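K.L.:
Residue strings, one per chain:
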Amino acid sequence: MASSRKAGASGAPASRRRRRQAIVAWGFCLPFVAVFTVFMLGPLLGSFAMSFTDFTARDIRTPFAVNVVGIDQYSALLSDPRFLRSLGVTAVFVVVGIPITMLVALALALALNSGGGRLVAIFRVGFYAPVVTSIVAVAVVWRYILQPDGLLNQALALVGIQGPNWLQDPSWALPSLILMAVWRNVGTLMVIFLAGLQAVPEDVQEAAVMDGAGPLRRLVSVTLPLLRPTLLLGAVLISVGYLQFFEEAFVMTRGGPLDSTLSVAYYTYQQFGFGQYGLASAASYVLFLAIALVSLLQFRLLRSQDS
Amino acid sequence: MRRTRRLAAAAALVVASLLMTGCGRSDESAAGPAEATALGSGKASGTVTLWAMGTEGELLPEFVKTFEQENPGVDVEVTAIPWDAAHNKFQTAIAGGQTPDMAMMGSTWMTDFGSAFATVPTDLDTSGFFPGAVQSTQVNGRAAGVPWYVDTRVLYYRTDLAAAAGWTKPPATWDELHQMASDMKSKAGAEWGIRMPAGNDSYQGSLWMPLSNGATLTDGSKWTLDTPQQVEAYEYYNSFFTDKLSNPDTDISPGAAEADFVSGATPMFIEGPFMRSQLAKLGGEGFDQKYASAVLPTKVSSTSFSGGANLVVFDQSKNKDAAWRLVQWLSDPKTQVSWYQTSTDLPASQQAWQDPSLSGDANLAVFGEQLKTAVAPPANPTWTQVAAAGDTELEKIRRGQESVQDGLKALQQQADAIGLG
Amino acid sequence: MSVTRRRPSAKVLTYAVLTVGLAAWLVPFAWMALGSVKTQGEILQRPPTWWPENPTGANFAAWFDRLGFTTYFTNSLVVAAATVLGNLVFCSMVGYALAKVDFPGKRALFVVVMVTLMVPGVVTFVPLFVMVSKLGLVNTYAALVLPFVTTPLGVFLMRQFILGIPDSLLEAARIDGAGELRIFARVVMPLCGPPLATLGILTFLSSWNNFLWPLVAAQSESRYTLPVALSLYSTGQNATDYGLLLAGSVLVITPILLLFVALQRYFIRGVATTGLK
Numbered sequence: 001m002a003s004s005r006k007a008g009a010s011g012a013p014a015s016r017r018r019r020r021q022a023i024v025a026w027g028f029c030l031p032f033v034a035v036f037t038v039f040m041l042g043p044l045l046g047s048f049a050m051s052f053t054d055f056t057a058r059d060i061r062t063p064f065a066v067n068v069v070g071i072d073q074y075s076a077l078l079s080d081p082r083f084l085r086s087l088g089v090t091a092v093f094v095v096v097g098i099p100i101t102m103l104v105a106l107a108l109a110l111a112l113n114s115g116g117g118r119l120v121a122i123f124r125v126g127f128y129a130p131v132v133t134s135i136v137a138v139a140v141v142w143r144y145i146l147q148p149d150g151l152l153n154q155a156l157a158l159v160g161i162q163g164p165n166w167l168q169d170p171s172w173a174l175p176s177l178i179l180m181a182v183w184r185n186v187g188t189l190m191v192i193f194l195a196g197l198q199a200v201p202e203d204v205q206e207a208a209v210m211d212g213a214g215p216l217r218r219l220v221s222v223t224l225p226l227l228r229p230t231l232l233l234g235a236v237l238i239s240v241g242y243l244q245f246f247e248e249a250f251v252m253t254r255g256g257p258l259d260s261t262l263s264v265a266y267y268t269y270q271q272f273g274f275g276q277y278g279l280a281s282a283a284s285y286v287l288f289l290a291i292a293l294v295s296l297l298q299f300r301l302l303r304s305q306d307s
Numbered sequence: 001m002r003r004t005r006r007l008a009a010a011a012a013l014v015v016a017s018l019l020m021t022g023c024g025r026s027d028e029s030a031a032g033p034a035e036a037t038a039l040g041s042g043k044a045s046g047t048v049t050l051w052a053m054g055t056e057g058e059l060l061p062e063f064v065k066t067f068e069q070e071n072p073g074v075d076v077e078v079t080a081i082p083w084d085a086a087h088n089k090f091q092t093a094i095a096g097g098q099t100p101d102m103a104m105m106g107s108t109w110m111t112d113f114g115s116a117f118a119t120v121p122t123d124l125d126t127s128g129f130f131p132g133a134v135q136s137t138q139v140n141g142r143a144a145g146v147p148w149y150v151d152t153r154v155l156y157y158r159t160d161l162a163a164a165a166g167w168t169k170p171p172a173t174w175d176e177l178h179q180m181a182s183d184m185k186s187k188a189g190a191e192w193g194i195r196m197p198a199g200n201d202s203y204q205g206s207l208w209m210p211l212s213n214g215a216t217l218t219d220g221s222k223w224t225l226d227t228p229q230q231v232e233a234y235e236y237y238n239s240f241f242t243d244k245l246s247n248p249d250t251d252i253s254p255g256a257a258e259a260d261f262v263s264g265a266t267p268m269f270i271e272g273p274f275m276r277s278q279l280a281k282l283g284g285e286g287f288d289q290k291y292a293s294a295v296l297p298t299k300v301s302s303t304s305f306s307g308g309a310n311l312v313v314f315d316q317s318k319n320k321d322a323a324w325r326l327v328q329w330l331s332d333p334k335t336q337v338s339w340y341q342t343s344t345d346l347p348a349s350q351q352a353w354q355d356p357s358l359s360g361d362a363n364l365a366v367f368g369e370q371l372k373t374a375v376a377p378p379a380n381p382t383w384t385q386v387a388a389a390g391d392t393e394l395e396k397i398r399r400g401q402e403s404v405q406d407g408l409k410a411l412q413q414q415a416d417a418i419g420l421g
Numbered sequence: 001m002s003v004t005r006r007r008p009s010a011k012v013l014t015y016a017v018l019t020v021g022l023a024a025w026l027v028p029f030a031w032m033a034l035g036s037v038k039t040q041g042e043i044l045q046r047p048p049t050w051w052p053e054n055p056t057g058a059n060f061a062a063w064f065d066r067l068g069f070t071t072y073f074t075n076s077l078v079v080a081a082a083t084v085l086g087n088l089v090f091c092s093m094v095g096y097a098l099a100k101v102d103f104p105g106k107r108a109l110f111v112v113v114m115v116t117l118m119v120p121g122v123v124t125f126v127p128l129f130v131m132v133s134k135l136g137l138v139n140t141y142a143a144l145v146l147p148f149v150t151t152p153l154g155v156f157l158m159r160q161f162i163l164g165i166p167d168s169l170l171e172a173a174r175i176d177g178a179g180e181l182r183i184f185a186r187v188v189m190p191l192c193g194p195p196l197a198t199l200g201i202l203t204f205l206s207s208w209n210n211f212l213w214p215l216v217a218a219q220s221e222s223r224y225t226l227p228v229a230l231s232l233y234s235t236g237q238n239a240t241d242y243g244l245l246l247a248g249s250v251l252v253i254t255p256i257l258l259l260f261v262a263l264q265r266y267f268i269r270g271v272a273t274t275g276l277k
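Protein chains in written order, with UniProt numbering: chain A, 1 to 307; chain B, 1 to 421; chain C, 1 to 277.
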């Protein structure tokens, strides 16, 4: 990036060039900025404003005839035990789910990186397949896998284990949904990691082989450092998704049993359903804050030092 | 970084000024829907857009052709909406001012969107409908819709297994129902005696118990959810779990209840009329000989919960006249009978039940009987929220985490905090 | 880390593990495909069975004969194609500007993009619809496409990849007197094969599976997309038609799998042409 500044190092033509460059750059951004302002920033500011009012379903036709209540909605949230519980559930889902998903995806990407053969192609498509399914269809099938006499317990019975009633047992419901989320999301990360691995130069690998580095050594000291931007991208993507953990809980357990799968996003959805728009908006922005903090942390941890 | 901060400050300013200028609830209530007018006689004309959910949405386009023939100037455009997200759809449509002329509206949703509905014309007669259904159209003391079809829960039981358990009649009292569930398990080999409401909407599904025990949900000024009658009713509910007659971890996914019923694992449940077609599909040929339905067993009374759907006309509609004429046509007893024959939706019009196609069916007559006393959901916008809190407390009770007394007390506290709306 | 360079035994072991893993991974699909030719009674049978006793094509036939599959399919395809195209063009333009051009407001723009990436979607839903109806776009293809035609995610993705392109390549072009547009089109874009394929797949997928927005933005069935139709016909108030749902799912999934198979070949060819080595 520093190099583009170097380009115009001398005097007046440089500043003219810089101005021209700015105009061109904003020109590049124009379509995005236009769409973004109308369809995202506007609604975003609207909903942010909503979180400081007592907006409910009754006000939907007269959105400006509501009272400003300051941070009342936020303090109501933080004193609602169900909301606090949903924060905990989301935290567990994220802290357990993300590392598992990333590890599995990385392992698959490394194993399937090279070779253009049919076999590799089949594996890639196969492991990617769960990503493309709609949650509604997946839910039907997974219920059959997880029900007391379902496929998972039948398989466990073969090795002499009596499986629990996965979805109806408060201590097993969340792990079941994490398993399902890993299944659904590994493919996305695998594709991103594969794309990243293709940017790892072959000759660096070969040089490492020449130096007698073993596979593990090459992974840790050559591949992973080079993969850092991709890992960051993957981590941010997956944590934004996982922090908004909703769909699995919605179709499989409805937040139950005993609120053991009640996520923040599901809580928000419920409040919207009740017409408590102010409260729901406030909950969304608490979640947003959490996502922003986690992403910031990841940026700090994974920012590539060499660039 | 400086620039970022400046941008954030600008955004905050925009929000703040938005809040300062635009907002503030005016003292007098916002201009509500216009006063009711008379419809008079005449033909409908112009275009009428109509939203209906699921099966109704699929069947209506063909069905309203008769109306279009009777009113040559009218064109009815039906849009079918998935049940899944119909609530979201109405929410956003009202917010965006993009409502259709009229819609089918679940009776428990009336209060959620009530302020967007026009008032029923004074000369559209609703006196012939079931009282519970008419009650569900009342929003803030005005008629905001017209009953279309009704729905109530009755007892379904497997007659073959009942006979094996020594029961040739349906249970008439609460004690008999408990005994019969016990016999189903011990004598007829069923896995569980009866399926008791669990999961989503379980509170609504269990309401027949407090209602049959003389309890009410509100006293007009506040919720009354932990009265002695309520506690007694839910002690009864809970006894099925403590006596191991009902499965507290039962599979709550759609289709599970009927699958267990057909397999005989759980040979009794309390459900609505839609189960008839589901059981026919699942049980196959001759299964209708193996089960019967009956009016709910009596404690103080036999009172079920009244559901179903109403027809509403939106206040913003440009063609209210034609829309109301279509509502009038759809609520006519003759039309109601032929709609029953098309859709198997139970007519809201009591007169329609005189027709042989309804009165000739014994299992159906049970619904007609139950509907006479069925009670509509409370007409409070916060009802869905209170019912959801009820679902949570019932789950704790069912799983033995909380006594009935404590659970209902907790529910009452939450309901008080939520208010009547 | 390439498998090819490993010892043969390690290679065999890797593939053995992968094969077992893949088999378990695909169990749900097998069940879905088998279920799509079963009747409702057989799907709900307890305990569940694997093989259909009386395979029936009725579920698929219903989609084509009765339920107007082609309309919904066309809608989905048009919307997804437009969304993908928009994202590929607009997001890489912004990504390039953010990664390789210095201009005032750049940092702020990037921060705003990142921030919106993290806002939960459910919160903007109602205001977004109000905006779309104020613009008079309800029930148009534009309403289905425009809110997603460029996404913060796409911008972030393209910026990340373009950052990795060596500056020396761009400098060379600049010295030759090429303008930014020319550099973008002739130097940067040809290098962006893999990230564009990734972005294309991700965008296509989210558009293809999007349910709530198309439902709300479309006011008539002629504008419904596949997921909306799937939900409409299979999920009732109290009952779910599982056969119809599974058959519909098979129909929804197949095109995307095919698309991925096609692009996945491109991925492999892409290695040689990226010039990122």
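Treat the hints as calculated values from the structure; they're not laboratory data.
This structure is a prediction, so every number in the text was calculated from the model and none was measured.
Treat the hints with caution; some may be incorrect.
If the Cβ cut is set under 10 Å, some of the chain B residues that face chain A in the computed set are [claimed, not checked]:
(1) E68
(2) Q69
(3) N88
(4) G97
(5) F113
(6) A116
(7) T119
(8) D123
(9) N200
(10) Q204
(11) D251
(12) T382
We put the CB at the ideal spot given by N, CA and C, even for glycine.
K.L.:
Checking each numbered hint in turn, tell me which of them this model violates, lowest number first.
P.N.:
1, 2, 7, 8, 10
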